Amino acid sequence: MHRDDLTPNPPIPPTLGNHPKEQPRSNITHATHTHSINPIMDDRNEQLRHLIATACTDPPGSWQRRQTMSQVHELVMNSGKLWKGYRQDQPYYKDALQQMWEYCCQHPEDYDPTLKNVTTWLDDELKKRLRRFRDGNRRRRDIPASYLRIETEAGQVLDPIDTKPSPPDYNPRFLEMWEKTEAWVRYDPDDVLRRTCFRNRPQINAQVLLLRHNLSPKKTPWKIIAAEFNLTPAEAKDLPKFYSRRCKPLLEQFMIAQGYIDENDIRKPRK
Amino acid sequence: MINSTEITENLSIPMPITQESLQIAEAFAQQQPHPQQYEQVYLNTLAVCAVNNYLRILDIPTNLNAGDSWNPAMRLFFDIADLDITGIGRLECRPLRPPDSLTDTPVCIIPPEVHEDRIGYVIVHIDTQDQQATLLGFTDSVDSEELPLSQLRSLKDLLIHLQHLQEAQTVPKPVQLSQWLDNIFAVGWEKLEALLELPQEPAFSFRTHSEHSANGVKRGKRLDFQKDSDSVALCIGLKPTHSPQMGISVEVYPTGGQIYLPQELQVILLDEEGKAVIQTETRTTKHIQWRFKADPGDQFSIKLALGDVNITEAFVV
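If you read the protein sequences in the order shown, they are chains G and X. For the first sequence, position 209 (counting from the first letter as 1) is numbered 298 according to our numbering, and the numbering increases by one without interruption. For the second sequence, position 78 (counting from the first letter as 1) is numbered 80 according to our numbering, and the numbering increases by one without interruption.
Where chain G lies over chain X, by a calculated footprint (3+ residues, C-beta under 8 Å):
no., region
1, 20-30
2, 33-43
3, 71-83
Derived pair list, reagent style SDA-like, types lysine to any residue, alpha-carbon separation capped at 20 Å:
no., chain 1, residue 1, chain 2, residue 2
4, G, 312, X, 109
5, X, 305, X, 191
6, G, 307, X, 42
7, X, 158, G, 149
8, G, 326, X, 146
9, G, 217, X, 18
10, G, 330, X, 120
11, G, 326, X, 115
12, G, 308, X, 147
13, G, 307, G, 333
14, G, 308, X, 41
15, X, 223, X, 187
Which residues of chain G face chain X? A partial, calculated answer using Cβ under 8 Å:
no., residue
16, 152
17, 163
18, 270
19, 337
It is worth saying that the hints were derived from the structure and are not from the lab. These numbers were taken from a predicted model, which means no experiment stands behind them. Ideal Cβ placement from N, Cα and C applies to all residues, glycine included.
Please take these sequences and the hints and turn them into a complete structure.
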């Protein structure tokens, strides 16, 4: 059974020099004050309040504000104190959590320190979104869970059907792309790949490297390829560079010629 | 020897793996003709989604479709996990495979095809059981296939890195000086009386600082550096002459009642091509003043540098 974050009613903000752990009860006449159960949590609450207040003074959209809110996010996420949801919420819990953070980090001014603690605010926003998912699911009871529609914070609905391929374990279009490309590398009709060699060593050429690295289902790491060719450490360091600069472009050119990718998909390396 | 738990405690940020990410990762993975590629594409996609979700929380715009990782043909042949950060560049989001993290010196494999054309690398530990993606840290460059996790910096450093990259790319819109003659001024360009707290020196002539001398106009903008006391006022004066050319004056004054400009402040006048025309560095300097003539349509910029901070103001006559 999950319970709400155990926070007392908003504690009186500590006055200067008055550490929250040592609040003397005799001075307290405020009706809503209760003796703090967890001084560590008070510290964290104070820290979070301070951060949110800072974020509100940071210019909106500024890197300063992003840094401040990223601290809030990190503190809360690493504390593990957020509402964990009911069991039925679990399928969409993480999506609701993502939506909550997107909203709260971008609207720190919506937090009212006189009403609740920061963690409570975050929990409440999270619960709101969990409710939305729950209500949405009730309306679509007949649709299997795998077709859950995800609504982003902005209200845009992502239909997972669009991202699902038609038959789950076989996609002919990509198999064909693969086989055609593999055939081109193996046959190397214009001899281009075989003639592109590493340091005048004919056995280490673009054909061999593309087959080992790009056209093998488990792309062989360069460390292993270098060992297979008995390369010296210096040569082993240069081999991947040779691949990137001489071999990879050949593959990319083939892919462009076949229409698998567009010229614009290839970006010139920036240094 | 740094083990991976030490690293995760100091730097890491847990990100939930959303249904949305799982569905996309599954869809991409299923396109692969061979089962061995399935896992690689699946994890790469989850890593990109996790970093993308983190950036979305902080309102840092990204463009998923612009990445090679979102291009089905590229995914088929290349081991890539890039995420395009709008206006800044591509960030590589590498998943840490569970076996890698258990070795003595934990490393993350970064294939050479992604060693170039990347603004940085974020390493993500994917836990498919708990549905959690932990952002372990960031580095701005790699030079070998194996990246030791001990070299990772915090995500906070990633934000600073992105900020620097973005600011370096921002080209300031030039101030249209001709509009000043029509009394149109962009934000920040104020009358000098408002901007400068003139020191009590009897020899200081107020008239030289009035906005409208005979037939010209002068305005100033306050520029801030790291310390409040280092703020200066950059003042530009425009004076039509008999010829089609304009007389331009550039002055730099201290603000806040200070008598001297901050020391080691560099002020450079650059021409249209960005070449330095006049350059000066302050010692114990009260103010800087340059005058020159320019044709309407000419462009110039003034760069001020103090310590780590560079400010450039661009103008078109």
